[in-house]
Structure formats: structure tokens, C-alpha cells
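Per my numbering, the very first residue in the sequence shown carries number 227; after that it's consecutive.
Since the hints were derived computationally from the structure, they do not count as laboratory data.
Among the hints, erroneous ones may be present.
Stated by the list, open to error - Calculated lysine to any residue pairs in the SDA-like style (CA-CA distance at most 25 angstroms, straight line):
1. K477 <-> S256
2. K477 <-> Y606
3. K477 <-> D267
4. K477 <-> G610
5. K477 <-> L537
6. K477 <-> R377
7. K477 <-> G541
8. K477 <-> A265
9. K477 <-> E539
10. K477 <-> G604
11. K477 <-> G279
12. K477 <-> R607
13. K477 <-> T228
14. K477 <-> F536
15. K477 <-> G519
16. K477 <-> S373
17. K477 <-> T244
18. K477 <-> L568
19. K477 <-> L613
20. K477 <-> G237
21. K477 <-> E497
22. K477 <-> P259
23. K477 <-> P498
24. K477 <-> R346
25. K477 <-> D587
26. K477 <-> P544
27. K477 <-> G488
28. K477 <-> A258
29. K477 <-> A278
30. K477 <-> T540
31. K477 <-> S545
32. K477 <-> E427
33. K477 <-> M227
34. K477 <-> E240
35. K477 <-> S518
36. K477 <-> P284
37. K477 <-> R490
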Amino acid sequence: MTTVVFIHGTGVREPHLTALLARITAGLASTAPGARLAAYDWGGRFGATLAAGGASIPAGPEAGWGRSTGGPEDSDEAEEWARLYADPTAELALASAGASPRATPPGAAFPDERPRTLLRRLAVEGDPRVAALGPGLREAAAALARSPLLRPAAEALDREDLAWMLARALTAMVVAADVAADNPVQSGGDTRDAAVTALAEHLGAAPAGTGRGPLLRMAGRPLVRLGSRYAVRRRRALTDAAHPAAGDILKYLARGEDLRQGLRDLVAALEPPVVLLGHSLGGIIALDTLISGSQPGVALLVTVGSQGPFLYETGALPSLAHPDPLPGHVPPWLNLHDRRDLLGYAAEPLFPGRARDVATDSRQPFPVAHSAYWTDPGVYRAIGERLP
């Protein structure tokens, strides 16, 4: 009788492991009724834990953030800018939604003519005061000048408010483009605020020092909201929920030998033939264990939604460095990856003749696709066809 040893992925603990094993047992029964399923519960023995009770998690607002403690002046501000970085025209869209068409007298300028002209001038000339924010100002100004949101926003707002709103949109567009370009250095809040002020003046706002006083800083503040403040306040709870998955990966890559030895011991106690079936990090564990030493009883390696090929190609797989080939003692390798699972990688291009890829399709989006393999009949068919 073939024994299939299931090696689970990150963050899996009881009681979820038992439920997952029951689902896989039912799936294998339809394509491999003679197979017996065993589990390697490495998470319970070797999984990551917050050994000091979360002492590494910084204290949040509940511990006294505020002006007197040197913490952020106003956590709302970062939240508002995060929303604009995600959608630089969000404020313009909100303003436009409340606008109603305004009748323009014959011969009079349309409300958006002047700001559109100023934006086009900015697209040609740039502004040296904004250089520290990053490149891309001219492109952003040209794009904003063409935006269909400009006219309804100009009809809804007075000249001063529109100038500040356009300045914030331009600033957010430049920052977002810089982030998308993976620039390892990003500007701080002071540079950002100085850019907003300079751009607002360029677009028709009253210059700094003309009596606006403390209102100037508020004029540069976005009006939109996002949930980052909630995330900061809930950091401990979020860490408690997320650390098993992230911690499992980090711990394995740093200290994985005990975990691999545990799998060797389990395999040695089983009657061959044995199949190793690893999901996600479980696939990495299975692959590493087989590469690092011969396991004569293992007849097949099956990885599902695994990052093993990616780690190998990037030089991060502990047991094998690219471009070294798979050792001859590694058994045949079946690698399953869903077309929409961004955590599933192809092995066959890296190990031609040694690994076989099968692309599946659960018809679920990511990240659901990463956990939907076990309800996909195609996965069990592919495994059943190749079981010894």
C-alpha cells in the first residue's frame, strides 16, 4: 500500500490540520483508493511562536503615542496620504461627484481653463522646488491636465481649494510612481508637504506667509481616509494572527534542519513506497529533505502551490544553489500550480526531464487560489495518475 505523507504549509495548526487531512483523504479516495494518508505535523513541533509573548512588537497609541511622547503628530495624516498614494485622484473624484453643471456666460472662461493651462505649463517647465520629491512631475501634470475629473472639480470648488487639491494629487502621483519604480529611498513628510505648498502656489493658491498661518498646514492635508490607523492600533492582534505564517517561513530558512530531520524520521518508519505531498512551504521542506540526502523509500515527490523553484532560482533554497542540478537520488517530481496562485511556481523549466509541471485552475482569485487546491478535482486526478 502506498503511503502519502502530507506536509502542510505555513500557519497551519490544529484543529485546521485535521479538517484539511479529512478533505485530502476524501479527494484521494476518488483517484487513489488504495493510498493511505499520513501527516507530518511540523507546525505543532517546529512552527514559529512568539517566544517572549510579543515583546518585539512596538507599543502603539494605546501606550501613549502623542506629541508629548515624541510619537507621530497625527496618525490620521499618514492614513490620508496612504489613500492618495493608492488613488491620487480620489479627492478630485469626490469633489466631482457633488458637482452640478454650471452655466458659463458667453465669452467667459470655463472654470477649468485656468487650472488646465497652469498644469500644462507645469508639464513643460517643471518646478525645481519639487525636485527632491522624485522625478515624474511633468508627466503627472500632463496626465492631470487631461483628466476628465478636472472640469467638474473646478465647478465644485473655489480656486484656492482646487489649487491645493491639485497639488496634493500631483504630489501623490509623483510619490506613487517613485514607489512603483522600486526606488529604495523615499522622501519624508516635510519634503512632501513642501512640494504640496510649492505646487499649490504654482496652481494659483495664495503664497505662504500671506496670513494663512497655521491653516497652511491643514490646507495641505488630504480629506480622504484609509484603514492604516486601524492597522497600527491593532498591530498586536494583527501580528498574533499573521506571525505563524510569516514566522514559519523565516524560521525554516534560518533553522530548518530539525524540521527536515523530523520528516526523515517519519519516512524511515513507514513501509515503502512513500509519496511526499507538500503544500506551499511544505513543498519546500519535502524538496529540501530529498535533495539533502537519499530517502530510498520515497518513490514520488508532489509539490502543490510551492515556492521551491523560485527559491532555487533566486539562490535562497537551503539545499541547492542555482545552477546546480538535482541530485540523482531525488525521485520523480510532480509540481502542481494554479494559474491564479501567485505563490505557485513552475519547476519544469528549471529541471527539464526531472520535474513535471501540471497547471491547474480552481477558478478562484488570489489569495483564495493558494488554498483552493484541495477542492479541485483536477489536483487529485493529477496525483492519482502518478501514484506508485
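Which earlier hints can't be squared with this structure? 1, 2, 4, 6, 10, 12, 13, 16, 19, 21, 22, 23, 24, 25, 28, 32, 33
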